[in-house]
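Novice: Let chain B serve as the given structure and place chains L and W on it in line with the hints.
Protein chains in written order, with numbering that gives the first Met the number 0: chain B, 0 to 259; chain L, 0 to 263; chain W, 0 to 251.
It should be emphasised that the hints constitute simulated quantities derived from the structure, not laboratory data.
Ideal Cβ placement from N, Cα and C applies to all residues, glycine included.
Treat the hints with care, since some could be wrong.
To be verified - Derived, one-sided and incomplete: chain W residues facing chain B with beta-carbon distance under 10 angstroms:
(1) Pro90
(2) Ala140
(3) Ala226
Unchecked claim - Below, a sample of chain W positions facing chain B; criterion: calculated Cβ distance under 10 angstroms:
(4) Ile98
(5) Trp110
(6) Leu188
(7) Asn206
(8) Thr212
(9) Val215
(10) Thr219
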Amino acid sequence: MKTTVVSTSIFAAQVAIAAAAAVAWEFVSRRGIVNPELLPPLSDVLATLWQLLHDPRFLADLRVTAVEVLVSFLIVAPTSIVLGFFLAETPAVARLVNPVFHALMAIPKSIFLPIFILALGIGFTQKIVFGAVLAFFVIVVYAEAAVASVPSGFVTLGRAIGASRGQIYARIYLPAMLPLIIAGLRIGFIFVVTGVLLAEMYSAPVGVGRAIVHWGEYYEIRKLLAAVLLIVFACIVINQLLEAWERSSGTGRFNFGAIA
Amino acid sequence: MSARGIVAGTADAIVVRSVSKSFGAAAGGLKVLDDISLNVANGRFVTLVGPSGCGKSTLLQIIAGLVPASEGEILIEGEPLAGPRPSATGIVFQDALLLPWKTAAQNVEFPLALRGGDATRRRARALDMLALVGLAEVAESYPHQLSGGMRQRVAIARGLVEDPKILLMDEPFAALDEQTRTKMGGELLQIWERSSKTILFITHGLTEAIFLADTVLVMQARPGRIVERIDVELPRPRSYDMIGSEYFGRVRNQIWHLLAEQVP
Amino acid sequence: MWSNALRRVAIFAAAIAAWELAFRLHLINPLIIGSPSLVIQAAIKDWRGFLDACGTTALELVISIAISWSFGIVAGTALGAMRMLGAIAAPILSALIAIPLIVVYPLLLAWVGIGPESKIAFGVLSGVFPIALNTLIGVRATDRAYAQMATAFGATRLQLIVQVMLPLAMPAIISGLRIGTSMILIGVLVAEMLGAAAGLGFLISLNRTLFNTGAVYLGTLLALAMAVLIDAALSRLERHFGAWRPPIHSQA
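So here's chain B without its partners, still in its complex pose (with noise of 0.2 angstroms):
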């Protein structure tokens, strides 16, 4: 009882912290302390956000965006978790195979965009390849973990009451490691919008990483934060939702370093 108490109040000093950053931007725009050509109100952004949203061209460019992500996203989450179980399961190939991950997943990838965009051109297929890469080796450890976390205790059970291979998965491995499986997720689905995005403000022709920045090139500040806003709010949505899903579904987060 007493921790909702206090979680509700945590919330609530959250919520306020958010309307007064939003107060304090408008009030710091308007009455002109900062230049308004370089930060303009927090009313106009939204009006031009409401405007971008029944603009075709934008939407275009957010559709484009939004179906790169998911497909990156689609191939790269469940190979890499079935790669990482195998690898789980599979020790010997795993300490031949894990050093190499954990150094790949040290370095940051990001910084391989230009060779990928020699290799791959600046279409569809390498933003995709590109966002999946990034996101890859985070779901593929996370996956590894776990199984590791899986009680050794659990399996021993399942066995003991004679269950065949998939139903020690289905029933017995999956709910004890979805916990850690939604931490991989959510943080290669990160990976993956800053991979392509990244790709698409690199040099794409279309996508909303491509409309920011030619906004920034021609100091279209309202349409720039306006796009800004949305992604951001997007992404906080997103990430708040599946650490939810993550809280509700088990205990623990760790945090492997990953980086993009």
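Specialist: Just chains L and W now, with coordinates in the frame of chain B:
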């Protein structure tokens, strides 16, 4: 002999007057200590024994000035207590709580270092204390290199480094194995006899409580209160075979019954 | 141990040789995949340019690190030491780390221009949140028993934070520094790639548009070398501070 642990006497090291402690909201909070009063005279070794959860640690924290009492007052050396008074009371916890990145000597020096002052004098004092507890040769060792008993001895040296009149000890030997615990008890008595400190020693071990003490205060739980005060009539220096004596057994039984009464 | 290292070097050398062989046999397109010899050629031709670029990047890096580390550690410590504030701040920081920070960069470019300031600003933003969060968590998780002990011996609040809680939190802080500094490096490099007139990221990018494959690979290798060096140095630091491994107490 009052059941409340009060003795009419001269200047007392510790005076606890009608101390109560409640946690939580004013109405319906948890009353942990109920109207506790006790005296510890200068130079005496007093043990406080009670079941787990009876509030004895909380009482010690209040006497140490770490936690405020809800009601009542504490007098340390005649002065009302308003917060930690490290010059008057040294403290030893159940966990040695040595700072892991400091050597034994640096750990003992820690209270002095907080105050500043001459570094050489601090270091000399720390080494003296380590010699007192018989650990002069591990002065430069780190806590993780020391055994549990040694760590606790360093903690005792630290508690004594500012030469406080009073030493407060919260189940300091509870985490040690039986042999070490008995040995440490004997060593503690030697240190006490040599230094004429006042010691308030909390334990839930009956044998330890009786063996070490001049006076045993018995606590009951829910809410915590002192129910009996027993003056131990065994000669000093104590020896281990006193534990097998008939007197010892009788006192032990007496305390055991007081504690057993509360178990539901 | 040495045979291990020797084995790794041998595997590495073999891989390089195979790569060069594939190139010589025209099995790979030089414009796309490059080759060791192209990299070396680029190094010989352009080493001054690369040296300059590394210098610029290094400078931006050092300044970003200085600012990030100090801000991050101080903020994290302050928030971690104050119970309520820490509880409020931790989820906020955590949520902020979930944002693809890169989308903010065009804003920085518009505000601050194409010079090193925007790179430093972006680098600082990239690093400060993980550092602050890890510091906050580390300080918050310090066993309250140590704090009580120090208070019993008369430590002031400041002494308590600086002399007891911070050292106890060191492993967590350094872990945050490792993650954060990696993010600073990649932030600075990516910022240079997206809009700059100098720096390693810029040079890599420029060479890419000119299809100077060897130079692109060379630049990427240099960037990787920076990443590895930094991580190795911080890992050293981590080991130094971890020598005394504190006992893990379950939090009350």
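Novice: Given a cut of 10 angstroms on the nearest C-beta pair, is the interface hint for Ala140/W held or broken against chain B?
Specialist: 13 angstroms, violated
Novice: Regarding the hint that Trp110/W lies at the interface with chain B, is the smallest CB-CB distance below 10 angstroms?
Specialist: 5 angstroms, holds
Novice: Would the hint on Ala226/W stand, with a C-beta cut-off of 10 angstroms toward chain B?
Specialist: 6 angstroms, holds
Novice: With 10 angstroms as the cut and Cβ atoms as the points, is Pro90/W at the interface with chain B?
Specialist: 7 angstroms, holds
Novice: Taking the least C-beta to C-beta distance, is Thr219/W closer than 10 angstroms to chain B?
Specialist: 6 angstroms, holds
Novice: Hint validation: Val215/W versus chain B, beta carbon distance must be below 10 angstroms. Holds or violated?
Specialist: 5 angstroms, holds
Novice: Report holds or violated for the interface hint on Thr212/W, using the least CB-CB distance to chain B and a cut-off of 10 angstroms.
Specialist: Hint holds; Thr212/W Cβ to chain B Cβ min 6 angstroms, cut 10 angstroms.
Novice: Restraint: Ile98/W near chain B, CB-CB cut 10 angstroms. Satisfied or not?
Specialist: 5 angstroms, holds
Novice: Would the hint on Leu188/W be counted as holding, given a Cβ-Cβ threshold of 10 angstroms to chain B?
Specialist: OK, holds: Leu188/W within 10 angstroms of chain B, min 6 angstroms.
Novice: For the hint on Asn206/W, does the least C-beta distance to chain B fall short of 10 angstroms?
Specialist: Holds, because the Cβ-Cβ distance from Asn206/W to chain B comes to roughly 8 angstroms (cut-off 10 angstroms).
Checked against the numbered hints above, the structure violates only hint 2.
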